[in-house]
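Q: Sequence:
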Amino acid sequence: MIHLFVIAGVSLTATGISWWNGQRTEAVQEQIRFLEEQLGALYEADAKQRHTLLVSYVENLDALVNQELDTRNAVATELTASHAKARAVLAKRLGSRESDAFHQVVLELELALGRVNAERAHLGLMKRLLAGAVSDGNGPIPSPAELQLPNDFPREGGLVHFDGEVPKALHGYRLEVTEWSDELSGRAMLFDVDHRKRFARVSATGAALLEANLTDGGGVMTAKVVRRGRDGVYLNYLGADLVLEAGAQEYSQLTPESSVEVYPAVWMLEQITRLDRQKPLPVRLTARVGGSREYWSPILLSVPESKFTDFVAAYKKIDEFSQNYPWRVHLIGASQVSFSLGDVTLITTADSSAQAFVLDNVIYGAATPAVSVRFRAGLCAFVSGSNDDVDADRSMFLPFVESLHAELSSQKQMLLQRQSALRLRKLSLIYQDQQEHIQSEGSCGFLPGEVSKGGRVVAGLITAVDRPSWLDEAMSSEGTSRIRVSGHAEAWNVRRADWVDRRIGVCRLELDTHDQATFQEINPFGLSRIERAGEGSQQQALSKSLENAILGKFASPKVHTTLLGLSGDPVPNSNLDRSSVENLLDSEEPVVCIWGPPGTGKTTLLVKWLASLFQTDNSQSWPSILITAPTHVAVTKLVSDLLEQIPEIIEEVVRYGTSEKVQGTDLEPVWHQRLLSVLDPEHGNKDQADASLEKWKALLKTREGRESAAKWLFGSKHLHAATCTGMARADFGLWSRTFDIAIIDEAGKAFGAELLIPASVAKKVVLVGDHNQLPPTVTTEVLDEDIGYRLSMSEVEELLRRNMFHEIFEQLPANGKGMLTTQFRMHKDIGDVVSEMFYEGHLYSARNEDGWNLTRRRMTFIDFSKVSNYRHRKDSVSESIENLTERAAVRALLARMAKTGKFKSLSILVVCPYEAQRKAVEEEFDRSGYELDLAVTTVDAVQGGEANIVILMMTRSSGRVQFLLDKHRLNVALSRARDAVIVFGHIECLTKNADSPVSHLLKIGERNKSLDLVRLGSRADFRRDVASIIA
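Position 417, counted from 1, in the sequence shown is what the numbering used here calls 416; the numbers after and before it change by one each time, with no gaps.
Hints should not be assumed to be uniformly reliable.
Listed next, the in silico DMTMM-like pairs over lysine to aspartate or glutamate satisfying Cα-Cα at most 25 Å (straight line) [to be verified]:
| id | residue 1 | residue 2 |
| --- | --- | --- |
| 1 | 873 | 922 |
| 2 | 278 | 230 |
| 3 | 873 | 939 |
| 4 | 1002 | 831 |
| 5 | 903 | 849 |
| 6 | 223 | 210 |
| 7 | 827 | 932 |
| 8 | 966 | 945 |
| 9 | 223 | 181 |
Bear in mind the hints are in silico, worked out from the structure with no lab data behind them.
With the hints as extra help, turn the sequences into a complete structure.
A: And the structure:
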């Protein structure tokens, strides 16, 4: 729609400029005829009559000048507005490159604006000349013909020709030459035209570029190759820097100092007049197809005799449209090309041997394709094998096909980018709706009453009839829920809150203000709402990250283009070993994606690479690194492992986060709050606590103060670690920085918006994860109809469940991605099953030792299908489920393990998909006193963990099993085991669908002879039958 608006703006304003387009209205023609008659009478008049006639003539001509000047002023206003809108589109980019057609519109706007501004200046000169003619009486008398703008009158983007040296002035405008080349034979372009100061600059290089730019299809330029880079081949043409951007085409034949013929992409005038070495002009190896009028004519169409009648009937309709409408061309499959005009579509095959398009079929009323190119060209049709076939000039066929493929590929890229931008915008709306809902549910009215301590303590009434539960939590002595109180223009965190009279809703709030705050600044009687502090801030950060991606607000345009310009089609992965992946990390790719299945040593790989970047004898070359992940656990593990490997860089590390996430971990010494505390005046000399120190203390209590302090104190450090959303906190100061490298660990568990936050601040992004393990968690609370989403719930769920890491890995070019294919955790008997079930057999096991004798086989499945009392039930206080019989069986197994004494040195992890079962199992274990290294967890909490033995409790005996059989969850549960896996479950319930993952597990395990299937009877004795799996 924006394109149409701007194009309409050009066409409408162009028709209003009578002198520009060579058309004059009948009224203007009549005025000119009358003025010419007056001028003729003037020349024939004697001196006495001359003055009277002159005054009348000048008045009439001046009226015409004013009329034309008014028209041009109106046109200039329209053009300026259209140009501003077009520039705004380019600035926002809408998440994609704009099309050549759009750039052509902007160029036409720029040239039109330059022309109309020159005409306004010229008409202004005419008015001054007319005024002089009346006052002088004997001076030159301008004619109506002089209203026509001279071809060489200075205007922005005007092309001129000089014979010999460039004059010092042109039409009274002082000229300054910036670039000159004798190769142009005196041709030059005028730019930086200032009509007030009557000044213009002259560039021969600009003329060559603009001429090539305006030539139909693009004029050829012979450029010299300067160097090759990862972004393409850099060229020079008459001093202007050009680039053949990297893409599907190979440029291996282009070597430095060699020459190559190139064609311009559509450049805007500003690009030509503001040549920038940092932004070379993009060029291509073939002429443009889109918008072309003559260059590619004629298109050769070979018509088989069997299709001749169909073609003749179609040609009659084609002939009706060909004079007024362009062809629309798009690709069908790998070799077919369709040419559409009106409602006629010619389906052809590009025949490289015949060097012509061969007609396959004629169809009518075909749907408009999503990706196509429009251009004007004649059609040269001939019957295959005829004399016309022999005589046809085929020299343009192959260049046309190459250009067509390149242009349609570019169109497809832009379509995909717009689709990505639309998807991101919808996701942004989802997070905005969530934020609004959270904030509305997380606040209540407050009416201040009594104020003390200079406004720092406020007692008042809660106006909500139904007080929310979080408010009671905040009022408790524990103070576990952070709250703040706000008014029209002020907001204060609450240091302490308690009830004065809960029955009627009266509470007392102690505000967390700085010591210098005045009563007027606090404005306690202006406070009107109590709200949960920080609620909705994560949604706000996610929405902002999506909007930034749409607008292209990235530290690295290369990262932005890579992430939003993915092909949409799967690209095979060729890097399938550790050494290849290590090479990827050291490459210059702006985005590197590493798929790391369980046990493949993702963290070890990253630590080794980071250690190589922080060479202690070369600290000057240390890069700035941002380490992120969707969870604090992943961030802490990666940084802790790194510091264990190279402890000497601890002074360069800052770990950002809240106290509950960092305090008590190995990273507490580098916690940002602890590092900031050295700036607190209370840590200094108490005798020096003067007014300035009090102000400094007050500053540190504000978000802005902490942000400034963090930037100042941590700005020189080289390694910063935070969660993806945590780094968005303003007082951390991370989102406003630029890093050399951002590492995003466990990227498969992150929402797309989370990934985009760290990606937006780095010159290089490394994503590490496994999309076959747990995806981003979409809770039932998020899918609540009460939120009031602007999109349908089905679309909300689909968008939130999309795994961006998976999409990036699938579509990223092969030179930007790799997979770790050797796992070191699981024994081969377990690893092979996991590999076949979840990784298409690409995951290999390093461990294959013999000697396991604690269970009959490495994998065991205990089937409760025949056990009559194996029934799940709902927990009494939640919607989760538990199974008492299953717990009894597990107790029998663990008792046997403890009794043998062989399992004391082994870690045992009991994994419960359901929280109620996990809680009950944990409580029973605490009472049991087993002398075993036991831990109990849910599937959602276990990713990243491991144990010698994993016991998986499936719990459910009937009903819906989609949750249990989710391949990601089952993969995580099974792959935690180093030595053995024991599964408790109801096979009949879990294998109702023949394609069930449990069916595959049993089939593969039994085929490999690595799984022991134990089928319990209806009256099984767990101490005997279950415990018997222990060898």
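Q: Sort out which numbered hints this structure fails and list those numbers smallest first.
A: none
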